[in-house]
Every structure is written in C-alpha cells, then in structure tokens.
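*Asks:* This is what each chain is made of:
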Amino acid sequence: AQSVTQPDIHITVSEGASLELRCNYSYGATPYLFWYVQSPGQGLQLLLKYFSGDTLVQGIKGFEAEFKRSQSSFNLRKPSVHWSDAAEYFCAVGAPSGGSNYKLTFGKGTLLTVNP
Amino acid sequence: GAGVSQSPSNKVTEKGKDVELRCDPISGHTALYWYRQSLGQGLEFLIYFQGNSAPDKSGLPSDRFSAERTGGSVSTLTIQRTQQEDSAVYLCASSFTPGRTNYGYTFGSGTRLTVV
Chain W
1 AQSVTQPDIH ITVSEGASLE LRCNYSYGAT PYLFWYVQSP GQGLQLLLKY
51 FSGDTLVQGI KGFEAEFKRS QSSFNLRKPS VHWSDAAEYF CAVGAPSGGS
101 NYKLTFGKGT LLTVNP
Chain P
1 GAGVSQSPSN KVTEKGKDVE LRCDPISGHT ALYWYRQSLG QGLEFLIYFQ
51 GNSAPDKSGL PSDRFSAERT GGSVSTLTIQ RTQQEDSAVY LCASSFTPGR
101 TNYGYTFGSG TRLTVV
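In order, the protein sequence lines correspond to chains W and P. One point on numbering: in this note's numbering, the residue at position 60 of the first sequence is 60, and numbering is uninterrupted. One point on numbering: in this note's numbering, the residue at position 53 of the second sequence is 53, and numbering is uninterrupted.
Keep in mind the hints are simulated off the structure, nothing from the lab. Among the hints, a few may not be true.
Using C-beta positions, here's what the derived DEER-type ranges look like [claimed, not checked]:
#1 P:Ser66 x W:Lys68: 40 to 50 Å
#2 W:Thr30 x P:Pro61: 25 to 35 Å
#3 P:Thr76 x W:Gly99: 20 to 30 Å
Chain W residues, not near chain P, derived (Cβ > 12 Å throughout) [to be verified]:
#4 Val13
#5 Arg22
#6 Gln38
#7 Leu44
#8 Gly59
#9 Ser70
#10 Ser73
#11 Lys108
Backbone N, C-alpha and C fix where the C-beta goes; we use that ideal spot for every residue, glycine too.
Modelling step: build the complete structure from the supplied sequences, incorporating the hints.
*Replies:* Have a look at this one:
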C-alpha cells in the first residue's frame, strides 16, 4: 500500500524568503504525485501534479516541485514566499493503474506560517 | 454548479445522535469521494462512488458510517450514534473519469462536525 510522509509539521519563513516543503512517498512503482493547499475553512486546492515525463513540474501561484525517483521524494518549492501563502500544504500519491486508481493517499500536512 | 457544494458547513451534535452530511458535486462529474480530516491528521479516504458501479466503501471506519448517492448526483454521508472521535472535517470531492482524470479532484469546503 502506498504511503506519504511529510516530515515537517510546521514551518515558519519570512516573507520573501525561499521555501521548500518535503514529501517522501512509498510505492512499488512510480506513482502519480500531487500537492494541495488548504487555507483556513476552505477545501483543498490543487497546486500541481506529476504523472510522467519532466521531473520538474510547475504549478499555480509560483510553486514548483521536483520528482526524484532515487529519493522517493516530491518536494515543493517557491523562490519567494508571500504572506498569502500561509496555509496548510498536503502531499498526496495515487496509483496510476489497478483497482484503486482513483484513491489519493495524503500526508499529514505541513502548516506554513509567514512572518512579515 | 460551479463547484462542489457541501452542507451544512458546521454541525454540532450530541453524542449518540445521528447526523447527515450532504454533498452536491460538479455537474457532469461521475466520480464522487468522501474524505475525513481529523485534527493533526491527513485526509483519510472514506468512500468512492463511480456512476452505477458498486461503491468502494473500504475506508468507512465502522458500520455506523454509511453513504449513498442518489441519481448519480447528490451524496449523503450518514453517521449513526455519533461518538466524540467522529469529530472531524468531512470533505467531499468530485471528478471526471476515467484515467488520469480520476485524479482531477475538486474539493468542497467541507463540513466541520463536532460531537459534544
């Protein structure tokens, strides 16, 4: 069964600083990979996704993520954080095929605080 | 509708009471999902509906939980004899199918359930 680990429960950065949120997954092959963001009282919004091909994927709001097969990682990055990026971020994996190729497995999330 | 609509947005209930949570998916989305988000935890898969196929109920935590989807559209998640550990945010999502589009989830804003 697939699993996702987000090692950092809470990260604080200053506005304008760079950001990297870590995500490690466990899966028998190359999974589909996703990053979602959740603002308080809101549902989850998809930032970006990786299915195949170029391992560096661009998303919305200036975010990008890099798939590293050798490290089983899919870390999220942003070169310069804005105060509006403060939210909770979730990494998720999905199986590309098979009987459960619709079910996402989520990490426990990383809460991002942005200091002015 | 334009998005996934969930109601109520907040629900406080007494332990032992039954509750019903409603999800109205995006028009034309044939797949519908329920996830549960407990404090400090990631999202936990509950149930998946796809068209007229038998739902995947493998994530329902106990027989107190049930869900139905009428006419391939609106879904209701019912929790009977609520317990305090049922307190969580219940998120609904919908997507097109099949293939990669399975993972084109659009999430609702959730129902925050508090059992007192």
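*Asks:* Taking the beta carbons of Thr76 (chain P) and Gly99 (chain W), is their distance inside 20 to 30 Å?
*Replies:* This hint holds: roughly 25 Å between Cβ atoms.
*Asks:* Would Lys108 (chain W) pass as off the interface with chain P, using Cβ distances and a cut of 12 Å?
*Replies:* Label violated. Min Cβ-Cβ 4 Å, cutoff 12 Å.
*Asks:* Verify that the Cβ of Arg22 (chain W) lies farther than 12 Å from every Cβ atom of chain P, and report whether the claim holds or is violated.
*Replies:* holds, 14 Å
*Asks:* Regarding the assertion that Ser73 (chain W) does not contact chain P, is the least Cβ-Cβ distance greater than 12 Å?
*Replies:* It holds; Ser73 (chain W) is separated from chain P by about 17 Å at its closest Cβ, greater than 12 Å.
*Asks:* Return holds or violated for the Cβ distance of Ser66 (chain P) and Lys68 (chain W) against the range 40 to 50 Å.
*Replies:* holds, 41 Å
*Asks:* Please settle this one: Gln38 (chain W) was flagged as non-interface, so is its CB more than 12 Å from every CB on chain P?
*Replies:* Nearest chain P Cβ is 9 Å from Gln38 (chain W), so the label is violated.
*Asks:* Assuming the hint says 25 to 35 Å, is it satisfied by the Cβ distance from Thr30 (chain W) to Pro61 (chain P) or not?
*Replies:* Since the Cβ atoms of Thr30 (chain W) and Pro61 (chain P) sit about 30 Å apart, the hinted range of 25 to 35 Å holds.
*Asks:* Checking a non-interface call: every C-beta of chain P should be farther than 12 Å from the C-beta of Ser70 (chain W). Is that right?
*Replies:* holds, 24 Å
*Asks:* Taking the closest pair, is the beta carbon of Val13 (chain W) still more than 12 Å from chain P?
*Replies:* At about 21 Å from chain P, Val13 (chain W) clears the 12 Å cut-off, so the statement holds.
*Asks:* Is the Cβ of Gly59 (chain W) farther than 12 Å from every Cβ of chain P?
*Replies:* holds, 14 Å
*Asks:* Say whether it holds or is violated: Leu44 (chain W) keeps its Cβ farther than 12 Å from all Cβ of chain P.
*Replies:* Violated, because the least Cβ-Cβ distance between Leu44 (chain W) and chain P comes to about 4 Å, which does not exceed 12 Å.
This entry does not satisfy hints 6, 7, 11, going by the numbered hints stated previously.
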